[in-house]
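A.B. asks: Each chain is listed here by its residues.
Protein chains: 2
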Amino acid sequence: MANDSFTALAHPVRRAIVERLAHGSATVGAATADFGLAKPTISRHLRVLEEAGVVRRRVVGRQHQLDLDVEALEVPYGWLGRQRDVWDRMFDAVEDHLNARGVAGD
Amino acid sequence: MANDSFTALAHPVRRAIVERLAHGSATVGAATADFGLAKPTISRHLRVLEEAGVVRRRVVGRQHQLDLDVEALEVPYGWLGRQRDVWDRMFDAVEDHLNARGVAGD
Numbered sequence: 001m002a003n004d005s006f007t008a009l010a011h012p013v014r015r016a017i018v019e020r021l022a023h024g025s026a027t028v029g030a031a032t033a034d035f036g037l038a039k040p041t042i043s044r045h046l047r048v049l050e051e052a053g054v055v056r057r058r059v060v061g062r063q064h065q066l067d068l069d070v071e072a073l074e075v076p077y078g079w080l081g082r083q084r085d086v087w088d089r090m091f092d093a094v095e096d097h098l099n100a101r102g103v104a105g106d
Numbered sequence: 001m002a003n004d005s006f007t008a009l010a011h012p013v014r015r016a017i018v019e020r021l022a023h024g025s026a027t028v029g030a031a032t033a034d035f036g037l038a039k040p041t042i043s044r045h046l047r048v049l050e051e052a053g054v055v056r057r058r059v060v061g062r063q064h065q066l067d068l069d070v071e072a073l074e075v076p077y078g079w080l081g082r083q084r085d086v087w088d089r090m091f092d093a094v095e096d097h098l099n100a101r102g103v104a105g106d
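Chains as they are written, first to last, in our numbering: chain G, 1 to 106; chain A, 1 to 106.
Treat the hints loosely; a few may be bogus.
[To be verified] Label pairs and their calculated CB-CB ranges:
no.	chain 1	residue 1	chain 2	residue 2	range
1	G	A38	A	R56	33 to 43 Å
2	A	N99	G	V94	48 to 58 Å
3	A	Q65	G	A93	11 to 21 Å
4	G	D85	A	R47	36 to 46 Å
5	G	R101	A	D67	20 to 30 Å
6	G	A16	A	G53	18 to 28 Å
7	A	F91	G	A33	33 to 43 Å
8	G	P12	A	S43	19 to 29 Å
9	A	E71	G	V59	35 to 45 Å
[What the hints assert, rightly or not] Chain A stretches covered by chain G per the calculated footprint, using a threshold of three residues with CB under 8 Å from any CB of chain G:
no.	stretch
10	9–15
11	33–43
12	47–55
13	96–102
[What the hints assert, rightly or not] Examples of chain G residues toward chain A, derived with CB under 10 Å:
no.	residue
14	T7
15	L9
16	L73
17	E74
18	D85
19	F91
Hint data in this document are derived by calculation from the structure and do not stem from the laboratory.
Just so you know, these numbers come straight off a predicted model, no measurement behind them.
Quick reminder that beta carbons are idealized off the backbone N, C-alpha and C, glycines included.
Whenever a hint applies, use it, and build me the whole structure from the sequences.
C.D. replies: Here's what the structure looks like:
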């Protein structure tokens, strides 16, 4: 399931690219200009993001335009939310159980 | 920031461990029994989760007890939510701009 999305986001440079693209479409140059990274390094990070479906690339004339696919963030976001919900319900059930036994009042 | 949490969750075995611990504390054996993985492999995955603060280990007698630290999931969850919010606002602003220019009515 969300393996690729979590892997794609498991690097600060890739998260920084996502943060920029959340503000709108950008060329590869504009999205990555001030990281001070070599082009092959940038290309490798972009490939990971593209393979995970988090970023899409359009070739517009001589420009490579990058877009965030915000839907791809829903998978890890949903997974994290579900773990929190399960944990909250478990926690409530334990508390109810302790209350029913009068432990809280001891 | 959330680097460690995303890295910790970037493997299906580690996510499966988190899913179990969301249901409550468990021993290492109970949390990982039916993965069919060698002990060193399990230990390596647990170390990544512990180093990221996602899982805590308590030694209770001869048992190693694992607990989810659900707070550690808030960092990646919050980051993902913020990217979505930024994107939604950007999208709304573009739409408002197009509506103001009457593009939608063309």
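A.B. asks: So is the stretch 33–43 of chain A in contact with chain G by the C-beta rule, three or more residues under 8 Å, or is the coverage claim wrong?
C.D. replies: Not satisfied, violated; 0 residues make the cut.
A.B. asks: Does the Cβ-Cβ separation between A:E71 and G:V59 fall within 35 to 45 Å?
C.D. replies: With Cβ atoms ~43 Å apart, the hint holds.
A.B. asks: Take the C-beta atom of G:A16 and the C-beta atom of A:G53, compute their distance, and say whether it sits inside 18 to 28 Å.
C.D. replies: 22 Å, holds
A.B. asks: Min Cβ distance, G:L9 to chain A: is it shorter than 10 Å?
C.D. replies: 5 Å, holds
A.B. asks: Using the C-beta atoms of G:D85 and A:R47, is the stated range 36 to 46 Å upheld?
C.D. replies: 27 Å, violated
A.B. asks: Within 19 to 29 Å or not, the Cβ separation of G:P12 and A:S43?
C.D. replies: 27 Å, holds
A.B. asks: Could you check the hint for me, namely that A:F91 and G:A33 are 33 to 43 Å apart, CB to CB?
C.D. replies: 24 Å, violated
A.B. asks: When you take the CB atoms of A:N99 and G:V94, is the distance between them in 48 to 58 Å?
C.D. replies: 51 Å, holds
A.B. asks: For the hint 33 to 43 Å, verify it against the beta carbon of G:A38 and that of A:R56.
C.D. replies: 39 Å, holds
A.B. asks: Going by Cβ atoms only, is G:E74 closer than 10 Å to chain A?
C.D. replies: Since chain A brings a Cβ to about 8 Å from G:E74, closer than 10 Å, the hint holds.
A.B. asks: Hint validation: G:D85 versus chain A, beta carbon distance must be below 10 Å. Holds or violated?
C.D. replies: 9 Å, holds
A.B. asks: Could you say whether the range 20 to 30 Å given as a hint is met by the Cβ separation of G:R101 and A:D67?
C.D. replies: 22 Å, holds
Of the numbered hints given earlier, the model fails hints 4, 7, 11, 12 and 13; all others are met.
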